[in-house]
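Chains as they are written, first to last, in numbering that gives the first Met the number 0: chain V, 0 to 350; chain H, 0 to 350; chain F, 0 to 350; chain C, 0 to 350.
One copy or two, either will do: identical chains are not told apart, so a pair holds if it fits within one copy or between any two.
Derived SDA-like pairs: lysine to any residue, alpha-carbon spacing no greater than 20 Å straight-line:
hint	residue 1	residue 2
1	Lys268	Arg344
2	Lys74	Met115
3	Lys175	His312
4	Lys74	Val117
Honestly, the hints are just simulated from the structure, not real lab data.
Next come the chains, spelled out residue by residue.
Number of protein chains: 4
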Amino acid sequence: MRLYASTSSDSSTAASAQEDGLHLAPSPLKRQRLESKEERSSNGSSTDISSPPQADSAVVESHLATLMVKCPDRKGVIAALAQLLYGLGCNILASDQFTAEEGVYFQRIRFDLTDMVVGTANKAVLERAIAEVADRFGMEWRLFYDGAVKRVAILVSRLDHCLYDILIRHRAGELKCEIPIIVSNHPDLEGIASSFGIPFRHLPVAKGSGQDGKRAQEAQIEALVEELGIDFIVLARYMQIFSEEFCSRHAMHTINIHHSFLPAFEGAKPYHRAYERGVKVIGATAHFATSELDAGPIIEQDVTRISHRDSVHDMIRKGRDLERLVLARALRAVLSDCVMVYGNRTVVFEI
Amino acid sequence: MRLYASTSSDSSTAASAQEDGLHLAPSPLKRQRLESKEERSSNGSSTDISSPPQADSAVVESHLATLMVKCPDRKGVIAALAQLLYGLGCNILASDQFTAEEGVYFQRIRFDLTDMVVGTANKAVLERAIAEVADRFGMEWRLFYDGAVKRVAILVSRLDHCLYDILIRHRAGELKCEIPIIVSNHPDLEGIASSFGIPFRHLPVAKGSGQDGKRAQEAQIEALVEELGIDFIVLARYMQIFSEEFCSRHAMHTINIHHSFLPAFEGAKPYHRAYERGVKVIGATAHFATSELDAGPIIEQDVTRISHRDSVHDMIRKGRDLERLVLARALRAVLSDCVMVYGNRTVVFEI
Amino acid sequence: MRLYASTSSDSSTAASAQEDGLHLAPSPLKRQRLESKEERSSNGSSTDISSPPQADSAVVESHLATLMVKCPDRKGVIAALAQLLYGLGCNILASDQFTAEEGVYFQRIRFDLTDMVVGTANKAVLERAIAEVADRFGMEWRLFYDGAVKRVAILVSRLDHCLYDILIRHRAGELKCEIPIIVSNHPDLEGIASSFGIPFRHLPVAKGSGQDGKRAQEAQIEALVEELGIDFIVLARYMQIFSEEFCSRHAMHTINIHHSFLPAFEGAKPYHRAYERGVKVIGATAHFATSELDAGPIIEQDVTRISHRDSVHDMIRKGRDLERLVLARALRAVLSDCVMVYGNRTVVFEI
Amino acid sequence: MRLYASTSSDSSTAASAQEDGLHLAPSPLKRQRLESKEERSSNGSSTDISSPPQADSAVVESHLATLMVKCPDRKGVIAALAQLLYGLGCNILASDQFTAEEGVYFQRIRFDLTDMVVGTANKAVLERAIAEVADRFGMEWRLFYDGAVKRVAILVSRLDHCLYDILIRHRAGELKCEIPIIVSNHPDLEGIASSFGIPFRHLPVAKGSGQDGKRAQEAQIEALVEELGIDFIVLARYMQIFSEEFCSRHAMHTINIHHSFLPAFEGAKPYHRAYERGVKVIGATAHFATSELDAGPIIEQDVTRISHRDSVHDMIRKGRDLERLVLARALRAVLSDCVMVYGNRTVVFEI
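If we strip away everything but chain V, and leave its shape as in the complex, we get (with noise of 0.2 Å):
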């Protein structure tokens, strides 16, 4: 995964908060950016699939960042923040916190760094102050430039409605992330991916392989990953399911979307059991995913309303409808940094 920013207080504590099922996301990234970027020319510049790096530019101009914490709740937490960087001279724009029941505190600010008193550029002061004050509280926390524009791996299957959602938006400035690849199993939407001008990469499940051949395929787009630096893959129904340690590498940077009713149907063919019993109202759930499917903390959710004259098929179309909406929204929250999990539940603040 590509590394961007700065990271949680101390290595040690973010993985043992890992362990304790308490993440900010996206999960523990251990490196900056900068480095992240002369590896990448080093290892993976001459890929032709590599997106250039029209980002670069944009890190240099753009003088905002988010900055996202997780502590136990104590007093003095947010008079220490705001004393640290008004103290640097950087000026708060908005600022959401919250308290959860648990005595967890979270808070996203989001400030500008153009009158920062050692320079915008200096963002190493900025780091160690932000390290310092976190050491205090015991503080998780990521530090987001908006020059450091996220990047994002889409992996589909045969069905395009969640994939040109992504694209059409994204084009139309509302997905603020750069979509260097398309992955899928199946050839069928490389065309889509075209017409975007998007590189796409056909990874197919050798057939008769079995677990091998998976792992085999889940090993390449794990490579991809890696040599393209990606933030966040995007599972825009992506119809096969993971193994437990790609799940486990990749959670709480991997988003998916599926579908939810009232009351749940659990097992195959969800729709047509929904059918069977006359639901009123179908819903779609875009969550992280994590090595238990479909249970990973809830990002986004919706619903619509079904009626008796509704069949399996109407209720596939609106469900369709439902599906790219909901991962939209999902991927936008994340994208703009609300996003903050702790236990299986998330923190998504407004943005």
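Got chain V; can you put chains H, F and C on it based on the hints?
Using the frame of chain V, we list chains H, F and C on its own:
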């Protein structure tokens, strides 16, 4: 149960239909309204909780009726019924039909008897004519005269939001029914009943009496339902689970409301579990009570949004708003003769 | 305009109905589909943007049809139509009716011609029989055969979200129509058209040409619509206002989409004014275009929530999602022969 | 009006702010709650409709407070307030902020005084400290102590749905306020008031008395509001229009509810006009009443779907459900100190 209108084409059909899981709502009714009224006056009119028969004058004045039919899908059904009503001089005001994929045909016809060629009062001719067509097509049918206002018993425990909602809507004329009784296993809501001028009966389950106590209380409820000629039982947050026998006897005319989630959370404290899972949507479901808990045919559902800021307490509060809205809509649909049941599904025609 | 099916009981009725503001959608059509096709082949088949007549085989294969009627409310209408179809051996699959308070009766009947006693192909007998009943009851009527796929022209300017949405749904089979042409006053969206394999025609309004230039461009559009046998014109964010004459000629088969607010904001920059007023809800409305701007009969509307955090830009973004959803639903309803117009209102039967 | 907490940094600022159309809700309050209570006991405690001061013990027990501030956007505001509270030993529980595009900064801080270093009871120190910071940043501010329960007067006419809804929610603990009085220009709803144990005052507008009669009744209402120390006036379908003077004096603490449409229909019988236009959505808007009818800052809005089957009567019924829901949400937001006003807009922080 009170018996207010005519019935399926013959009682053996109705019985076997029930075994097949095919029902109209309400479930098979065997005698005419007039009999029923005589019965009531002979054995029950002296009870002080029996409401005065204020609907009787309406019986004479109202000339509208609703016919609900269900039969195997066959050519000519619509024509036969339309021709029958036209021939008798009835004016069809609205007709809605639906053919389920399983090949079952449903129709709801609303018509005006004012110009009936045999005289408006001569309902026997109308019913005989319908019974004939019904025989030909293997129809189950129900005929509801607007004048025969349905009678609803409300069962409550301690929560008042659904009770209040029904009573306010009833007073506002939104619910076309009489409410001759409110029954509760607790005395708490008697004041509300009396402020709306509705008799209240406290039927507690004797403490420590186990299953016997529960059955005894059920028997009291059933006696009351019978005595008062009740058509529908509304469980407005009634926190007792009925026996399977009770449910079977009152299936398809007992309406329950409960919370729903995406995904569903079975077992105790579902709001707490939904909270832990961080759901972004909660719902409520109104359904016919059957012997399988909360699994009967769904009449109406709706949902509301939830964020990370919502505590369990907030979810319960928002759930209350949903419960009363969804229950009211379901009750209104049922009272307007818009709901038909087949298998575990409903057809809910628009009013 | 292309002429694909039969028509109102006589052409003078249809004409006067239009003057009265009473219309079925689409507006009066005067000739048979077969004529129309002959006409096209004689005068237009050489044009390279004319789609191949792929629907023709479907004409033979599909045996479903939809009859839409409108007449003064009278006893016996349902019976007469049901009897007619039953007598001919047609099987009614669905029937929906509505009687407006003004005493106007609407019915949509969907039926199967497979077992028609005079042979499935003998549509003339069917149409003559309907015309007879129609005369008796003073009906306007339209008959749509499933095989006669409707032809839609999409008009766009520079915004692509509605165009993409229609094309994706069309490809997914959600919209039962052919799209032989996309017309624009700007060249920008040609690439999208070509990625879906649909002909694109750039018809600019000559700069500085004033009303003359506008009329000239309108004439080009009308010629194209005529040549291609277009049934519906969809204004998918087409930013030109048509002349009154154009609107009158194409009323009830031109569908427009625009934003809506509570309260409404007339005039320029409505999003800015809605922002200033701090609205909490914004909406979109799909309607038939008439000569009065944005005031034609409403087909579909929907809304989305707004908070104080939403900038004008956010409102426009959320509005885009609404616009494409609402336009798609309206188009689907119209293409499924579910929409009838009277006065300035629509009856939209459920599909 | 009752005066319960501290106030803007100085009264001249508050006054000029009001002229600029910048307000917090509620509008400027000039004295301390204790004064107010003394005042009441000296001049009004003998009135039988004055509720007993049951909130007083709560004043002692509750240690939570909400600070709302508004000022020109400047660096260091968050830091200054956070530092101030931290320095005093207060624990910030929640903080929400918003910077409007016009460069106005809004913040809501909820905090716990339990460990205040100068003692929990020593609110004067806290208020002085805030006033100092406020002076520095040109802040308007309000401080609300949880113990100082707000007092709400409900004004009604003959429609009971909104009144019932508020009273039921109040009894269920959803609305943190006292309701010492219900006022009506009609006697009809006295029974409802008494069934909830709330004093009812019938203040009719003398017939044929014209503007004088209206003014006389307004004066009676204002006297009552003053006498009872009312913080918010809720117009729960109160069908009288207040004079401009009354509206100005009570702007930003008078909440009204009315129907809304897309598009809007001005003037009489809007439901009838919406029906004629065939709208597919109707809405309701809760707003602060201002001297311009129905044009004050919007607090909350919602909508519901409508079809061609809905008569004017159905629309009114569905509108009732909207009205009570929207009014309840608005009132809850206001009572939770979540609503701030600027220009003609509101900032509604999430509870």
